[in-house]
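Colleague: So the chains spell out like this:
Protein chains: 2
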Amino acid sequence: MKTTDLIAQIKKKQSFLIVGLDTDLDKIPKHLLKEEDPIFAFNKAIIDATQDLCVGYKPNTAFYEAYGMKGWKALEKTINYINEKYPEQFTIADAKRGDIGNTSSRYAKAFFEDLNFDSVTVAPYMGKDSVEPFLEFEEKHTILLALTSNKGAYDFQTKIIDGQEVYKHVLQTSKSYKGSENLMYVVGATKAQFLSDIRKIIPEAFLLVPGVGAQGGSLRDVCTYGMTENIGLLINSSRGILYNSSGQDFAIAARNVAQQLQEDMQDILVNRT
Amino acid sequence: MKTTDLIAQIKKKQSFLIVGLDTDLDKIPKHLLKEEDPIFAFNKAIIDATQDLCVGYKPNTAFYEAYGMKGWKALEKTINYINEKYPEQFTIADAKRGDIGNTSSRYAKAFFEDLNFDSVTVAPYMGKDSVEPFLEFEEKHTILLALTSNKGAYDFQTKIIDGQEVYKHVLQTSKSYKGSENLMYVVGATKAQFLSDIRKIIPEAFLLVPGVGAQGGSLRDVCTYGMTENIGLLINSSRGILYNSSGQDFAIAARNVAQQLQEDMQDILVNRT
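For the protein sequence lines, the chains are A and B, in the order given. Under my numbering, the first residue of the first sequence is numbered 413, with each subsequent residue one higher. Under my numbering, the first residue of the second sequence is numbered 413, with each subsequent residue one higher.
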């Protein structure tokens, strides 16, 4: 997907919400467990119920790998369903991959070509030659971990290298990578106060922002400090949307939360100067 | 697997070789492509031909994910085959995972419980709470990326934080993680000169060392600077072993290279003071 198409979708829907599909068989409604593929049945219902309120979906691969072959089948069915039925949606494989060059190429092929995701999250620890193989794919996006939403983010990411925090070093350095126009970055909503500084380094790039909701981040703070002229933000909510009812109405319950988030976003978009 | 069992195996076989199963359909002998599952057919032949010369196998998950469902099926068959037929082998899922706590738990479950690997490689960028969920599993090992074999290792890993290189910071910090007795570390063979310093921080922990062979690292240098009383080294070779013949004799050709490595290791073990 072209970034311009993503921006157009945001403006049309007045939403920059991503629904995280962290589907957990222990948390989905019990009646779905009778289905042939309960993970896909849950995802399909959530997608159908929220697709007009969000601009993308982000399955976290860990939740699928945890179920082995059955999980991978459900992941394939989910991405195929989105691509066929709602091709305007921006799809994110939240995989946090990264390896030496020839191996990163395999991951890129897996997520961009075989599964046909629009984007994949990538860890920066192994440096330039572990990231660049992902950047070679046209109209595909590589979302580099910069400042994550968890507490452990303070263990390395905020430490100082050459007078600059590690995450800023990642942002700065990655701008010189070949294909850097295909980069986006993960910045946790729990770190909203860091966003002004981040925007000095990457004024335009899209940020994928997890941590609103279950992890305690504030949507308004993120927008205050991180929004650009072209929005530049994708706010993810996973558990906060998915598990609001264990009854037959689970998809409606998910829709209600997504709608609240979309309305908050619309309000922010309408009122910004 | 207990570390003591791994050490016993090393001493018995006079080998600390790990065979990396980076199986690539473009590189395996053409006659195998007729098999129902060419990836597994190749792996099985390589395993049968090398199992007395090595102490473990390391499939890199990227190579399997690149083939979608077919690839995951082959990965499952491969690990099951090793666990059933050669249970003494130390198995490594080279996955380089790492995510927020509840998600890392899913990855740990996937690799340690469902697939029953003895160990998994993990990226440290997200810090303590992204690593500790892996460390909860008894007799399972978490192999943390410290100093990788690629050029990009110099982008972040060797930069200075608080007067100490990032990779040393990772080593030092990880020692305080809950369950740290289950930690091993990745240190590339191409960085052998760093091993003396590394041993000052982690004198006993096992190191998984990729980069001998195709990437140019030296076995002797690694042993000179990194070996401990209990060996403490697992030397991986993947491409260097796998792809030495495209004919019917491919497994014998792989065995020959593995045997040369095992003999070099035996020579080092016999002659060390």
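One or more of the hints may lead you astray.
Said to hold, decoys possible - Here are the computed distance ranges between Cβ atoms for each label pair: (1) R632/A with E496/B: 48 to 58 Å; (2) K482/A with E448/B: 46 to 56 Å; (3) L437/B with E447/A: 49 to 59 Å; (4) N528/A with D609/B: 43 to 53 Å; (5) D438/A with E675/B: 46 to 56 Å.
As the list claims (entries may be wrong) - Chain A is nowhere near these chain B residues, computed Cβ spacing over 10 Å in every case: (6) K423; (7) E447; (8) A453; (9) L557; (10) K590.
Bear in mind the hints are in silico, worked out from the structure with no lab data behind them. These figures come from a predicted structure and were not determined experimentally. Glycine included, every Cβ here is placed at the ideal spot set by N, Cα and C.
Colleague: Taking the hints in turn, state whether each one holds.
Modeller: Results for each hint:
1. For the hinted restraint 48 to 58 Å between R632/A and E496/B, the CB-CB distance of approximately 56 Å keeps it satisfied.
2. Roughly 21 Å separates the CB atoms of K482/A and E448/B, a value that falls outside the hinted 46 to 56 Å.
3. Between L437/B and E447/A the Cβ separation comes to about 34 Å, which falls outside the hinted range of 49 to 59 Å.
4. Judged by the Cβ atoms, the range 43 to 53 Å given for N528/A and D609/B holds: they are separated by roughly 45 Å.
5. About 51 Å separates the C-beta atoms of D438/A and E675/B, a value consistent with the hinted range of 46 to 56 Å.
6. For K423/B, the non-interface assignment is confirmed: its Cβ lies about 31 Å from the closest Cβ of chain A, beyond the 10 Å cut-off.
7. With a cut of 10 Å on Cβ distances, E447/B stays outside the contact zone with chain A, its closest approach being about 19 Å.
8. With a closest Cβ-Cβ approach of about 19 Å to chain A, A453/B is found to remain outside the 10 Å limit, as its non-interface label requires.
9. Residue-level check failed: L557/B sits 6 Å from the nearest beta carbon of chain A, not beyond 10 Å.
10. Listed as outside the interface, K590/B is consistent with that label: its C-beta sits roughly 13 Å from the nearest C-beta of chain A, beyond the 10 Å cut-off.
Comparing the model with each earlier hint shows violations of hints 2, 3, 9; every other hint is respected.
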